[in-house]
Amino acid sequence: MQSSSELFPVALISAELRGDLSEDVYRLKPGNSPDPSVELVLTRLGRADHEQHRGAPVILLHGSFSNRRFWYSPKCIGLGPYLARAGFDVWIVEMRGHGLSPRNQNYVSNRVSDYARYDLPAITRFVHEQNPQPVHWLGHSLGGTTIAAALGGRYLDESMIASVALFGSQVSRNYWPLKIPPLVWGIKLLLKRFRVLSGSRLKRGPEDEPIGVILESLRWYGLFARFGDGRDDWWAGLTEVQLPVLAVSAQGDDQDPAWACQRLFEQFASPCKEFLCLGKEQGFSSDFGHIEMLVSKAAQGEVWPRVEQWLNGVASLNQLQQAQ
Numbered sequence: 001m002q003s004s005s006e007l008f009p010v011a012l013i014s015a016e017l018r019g020d021l022s023e024d025v026y027r028l029k030p031g032n033s034p035d036p037s038v039e040l041v042l043t044r045l046g047r048a049d050h051e052q053h054r055g056a057p058v059i060l061l062h063g064s065f066s067n068r069r070f071w072y073s074p075k076c077i078g079l080g081p082y083l084a085r086a087g088f089d090v091w092i093v094e095m096r097g098h099g100l101s102p103r104n105q106n107y108v109s110n111r112v113s114d115y116a117r118y119d120l121p122a123i124t125r126f127v128h129e130q131n132p133q134p135v136h137w138l139g140h141s142l143g144g145t146t147i148a149a150a151l152g153g154r155y156l157d158e159s160m161i162a163s164v165a166l167f168g169s170q171v172s173r174n175y176w177p178l179k180i181p182p183l184v185w186g187i188k189l190l191l192k193r194f195r196v197l198s199g200s201r202l203k204r205g206p207e208d209e210p211i212g213v214i215l216e217s218l219r220w221y222g223l224f225a226r227f228g229d230g231r232d233d234w235w236a237g238l239t240e241v242q243l244p245v246l247a248v249s250a251q252g253d254d255q256d257p258a259w260a261c262q263r264l265f266e267q268f269a270s271p272c273k274e275f276l277c278l279g280k281e282q283g284f285s286s287d288f289g290h291i292e293m294l295v296s297k298a299a300q301g302e303v304w305p306r307v308e309q310w311l312n313g314v315a316s317l318n319q320l321q322q323a324q
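The sequence shown: position 216 = 216 (full-length UniProt numbering), numbered continuously.
Rather than coming from a laboratory, the hints here were simulated on the basis of the structure.
Careful, some of the hints might be misleading.
To be verified - Label-pair restraints from in silico Cβ distances:
#, residue 1, residue 2, range
1, 304, 281, 37 to 47 Å
2, 35, 158, 32 to 42 Å
3, 53, 12, 12 to 22 Å
4, 18, 52, 17 to 27 Å
5, 194, 53, 42 to 52 Å
6, 31, 195, 20 to 30 Å
7, 194, 271, 40 to 50 Å
8, 16, 129, 32 to 42 Å
9, 239, 34, 23 to 33 Å
10, 300, 194, 32 to 42 Å
11, 192, 300, 35 to 45 Å
Note that CB positions come from ideal geometry on N, CA and C, so glycine has one too.
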């Protein structure tokens, strides 16, 4: 693979103009995990007429059963294009086996701990190499949970990060069947018969999820719930994170309820943080849902500008701190 990076092999697999936007697609092969076959695809969006003046880098991470199209539709609509048009340097990640990223050799055994420990640090380093400014990490659902795991495990270099934003992300919802050991054993035996769970069959999204991720999440919600892996306690580690944090929940989200999202938010020790619940009681036009919080007409007018405002506010805060 011809490399466009000094860190590890990276290939620019396409470079296109999409109307007023430029789209560059990169395939990374970090080689930093136990499975050397892992390759990750990143799509970069920028304003076609401002390639020499890149703004602050923003990395968008999709949730389960999803891919880059959650952030960026074929018609160039989505939070990704919105932020690119606002002047940000936008990078959209597709995790192992999702979208344009191929399935790695041990795909079935992939876990969030692999994403957090190996993939997110490699992505951060590459984006920082291309644009040496602190990056903003934004994640939806499992994407946000993965970012929290990477921060709680201290796998990310905070000096390279400007802020994090979590949308519909939590690890505290109660699933009472998972509190009963015999039921958990039965569920695990059943799930181990599958290699993947199909997003299309479950009507959860266009992508499959490896069974390793599903089995791992059972530990987070079980009788002795622990957000972490065998080596690190991510939940405890979040109390040391000082980065600016934005957490967004949706009043109509039954999958990741607002109270659980707030509990994850409160675990961060960050002195600069904001919690936002999207509901009628909070002054929004409706009680947003899990997907609608970012992908809907209402989100375009009510949520995307708030995200832009947050990112610009963090930039202003950093400039003020540097001036002091």
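Here's how the hints hold up against the structure:
{"no.": "1", "hint": "304 - 281: 37 to 47 Å", "result": "violated (21 Å)"}
{"no.": "2", "hint": "35 - 158: 32 to 42 Å", "result": "violated (26 Å)"}
{"no.": "3", "hint": "53 - 12: 12 to 22 Å", "result": "holds (20 Å)"}
{"no.": "4", "hint": "18 - 52: 17 to 27 Å", "result": "holds (19 Å)"}
{"no.": "5", "hint": "194 - 53: 42 to 52 Å", "result": "holds (48 Å)"}
{"no.": "6", "hint": "31 - 195: 20 to 30 Å", "result": "holds (25 Å)"}
{"no.": "7", "hint": "194 - 271: 40 to 50 Å", "result": "holds (44 Å)"}
{"no.": "8", "hint": "16 - 129: 32 to 42 Å", "result": "violated (22 Å)"}
{"no.": "9", "hint": "239 - 34: 23 to 33 Å", "result": "holds (29 Å)"}
{"no.": "10", "hint": "300 - 194: 32 to 42 Å", "result": "holds (37 Å)"}
{"no.": "11", "hint": "192 - 300: 35 to 45 Å", "result": "holds (42 Å)"}
When each numbered hint is compared with the structure, violations occur for hints 1, 2, 8.
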